[in-house]
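Colleague: Starting from the known structure of chain A, arrange chain B on it as the hints suggest.
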Amino acid sequence: MLAKRINGALRHVPAWPLYIVAVVPPVWLLWQGLTGGLGVEPIKALEHELGELALQLLIAGLCITPLRRFAGVNLLRYRRAVGLIAFFYVVLHLLVWLVLDVQILSQIWADIIKRPYITVGMAAFVLLIPLAATSNNASIRKLGGKRWRQLHKLVYAAALLGGVHFLMLVKGFQIEPLIYLAIIVGLLALRLPLATGARQRA
Amino acid sequence: GLGQGARAAEGGDALEPNSWDEITSYNNYYEFGTGKEDPKRNADQLTIEPWSVKIDGLVDRPGDYAFDEILSNMTLEERIYRFRCVEAWSMVVPWTGFELADLLELAGVQSSAKYVAFETVLRPDEMPGTRYNVLDWPYVEGLRLDEAMHPLTIMATGIYDRDIPKQNGAPLRLVVPWKYGFKSIKSIVRISLTDSEPPTAWNKANPREYGFYSNVNPEVDHPRWSQATEREIGGGLFSKRKPTLMFNGYGEEVASLYAGMDLQKNF
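Keeping their order, the protein sequence lines are chains A and B.
Here the numbering used here is used: the first sequence runs in plain steps of one and ends on residue 267.
Here the numbering used here is used: the second sequence runs in plain steps of one and ends on residue 269.
Isolated chain A (complex conformation) (with noise of 0.2 Å):
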């Protein structure tokens, strides 16, 4: 079976070379933007690529846990890794928007307060946070597993939040916004009751 096989192929690769690849689509980014590779206005086109980046990574780690119920892949050694590099990009997106786009302190209060998309977008990112922090074995032996697993459900809602964000900030009818959110609340539904069955398997 398909499943076994790619288990039994992924049982000797660890996590941690994640962390490293996570660097080069940043890096290669950034340096695209500083020699004409992201087109005549760089600052916008590295913004929404790294949000975008952000939220495909929500996705991937959202996929986690239904790959392993309904298709049996176990990938659950690389959700951690899914969520910080995630985190990390989402950082990034944040600090191009603040330092670059914006650049006015004043305006930047002014904008997570007024405009809607900004505040849907910052309050995923204040979601994020202890998820970020969390992320680590003294956290979960601190925490309990139980109330552990219960304060990482807070990544639904921020992956939620993530998708309608994008979706907030195009100008008229678009289609790819659309399709991450329809992809994102899918994943959601995949994990209320009535999907999974049995409930002690939660």
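The hints are simulated quantities; they were obtained by calculation from the structure and are not laboratory data.
The model shown is predicted, which means the values in this text are computed figures rather than measured ones.
Keep in mind that the hints are not guaranteed to be accurate.
With a straight-line cut-off of 25 Å between C-alpha atoms, the simulated SDA-like cross-links for lysine to any residue are [unchecked claim]:
| id | chain 1 | residue 1 | chain 2 | residue 2 |
| --- | --- | --- | --- | --- |
| 1 | A | K69 | A | R144 |
| 2 | A | K179 | B | V222 |
| 3 | A | K109 | B | A230 |
Quick look at which bits of chain A chain B covers, simulated, 3 or more residues with Cβ under 8 Å [to be verified]:
| id | segment |
| --- | --- |
| 4 | 199-207 |
| 5 | 235-243 |
The beta-carbon is built from N, C-alpha and C at its ideal position, and this holds for glycine as well.
Modeller: Positioned in the frame of chain A, the structure of chain B alone reads:
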């Protein structure tokens, strides 16, 4: 010569035009895709020969005006204008074109006309972006007649003395330098003189965000972002924002058109 009108229109301060590459590779032309580089990639599919513009409505001489016929009746000149997008970025473009007023006079504007409506070509086979209802196609725009007749309002047929590229609205487009860029409708196939305010594409899509007038105004924010500052294209990754000017810097010439109007309401 050609530079004369341009300098008069600038109001004195010398504008440094953006490069050909910047002007022609960063475009909003959703009929060819919503990405900034999509128009350059996709617009070569558009057939622009032959081209004619239907001028109808409240005019003395309605009809289909062939592009060449229009050109043979117009005097082309260069106009170096600031171009401010509603998305808070800007460029300086050295347009070649003629005053819209001259074209309207060619058709003979009737005294009952109060507005001018414009329409962009719609050819789904040649415009991949129109397969999605990002906007209600065809793209339409409108001006009040006095805005349309204003000497700053031009129909552009070129950039840097070359034919206007397809991604920039070939073969002829409107340029209204004191309004947000989306008012400057591209690849025009129809101009109608009307007695009531015509519908406009972005206003139909989102009336809360895009008004009929859409004059550049640093004091009236877009609901989703501030219009107080703008980023000039071409400054690279560390480009500083600069303050946006009322009427995009053309207030001396056009502010009187809006005397007594509440620009917060008529945004």
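Colleague: Now tell me if each hint is right for this structure.
Modeller: Hint-by-hint comparison with the structure:
1. A C-alpha spacing of about 19 Å is found between A/K69 and A/R144, which places the hinted pair at or below 25 Å, so the restraint holds.
2. Between the alpha carbons of A/K179 and B/V222 the distance comes to roughly 14 Å, so the proposed pair stays at or under 25 Å and holds.
3. For a cut-off of 25 Å, the pair hint linking A/K109 to B/A230 stands: about 18 Å separates their Cα positions.
4. Here the segment 199-207 of chain A counts 0 residues with a CB under 8 Å from a CB of chain B, which misses the bar of 3, and the coverage is violated.
5. Here the segment 235-243 of chain A counts 6 residues with a CB under 8 Å from a CB of chain B, which clears the bar of 3, and the coverage holds.
Violated hints amount to a single one, hint 4; each of the other numbered hints is respected by the structure.
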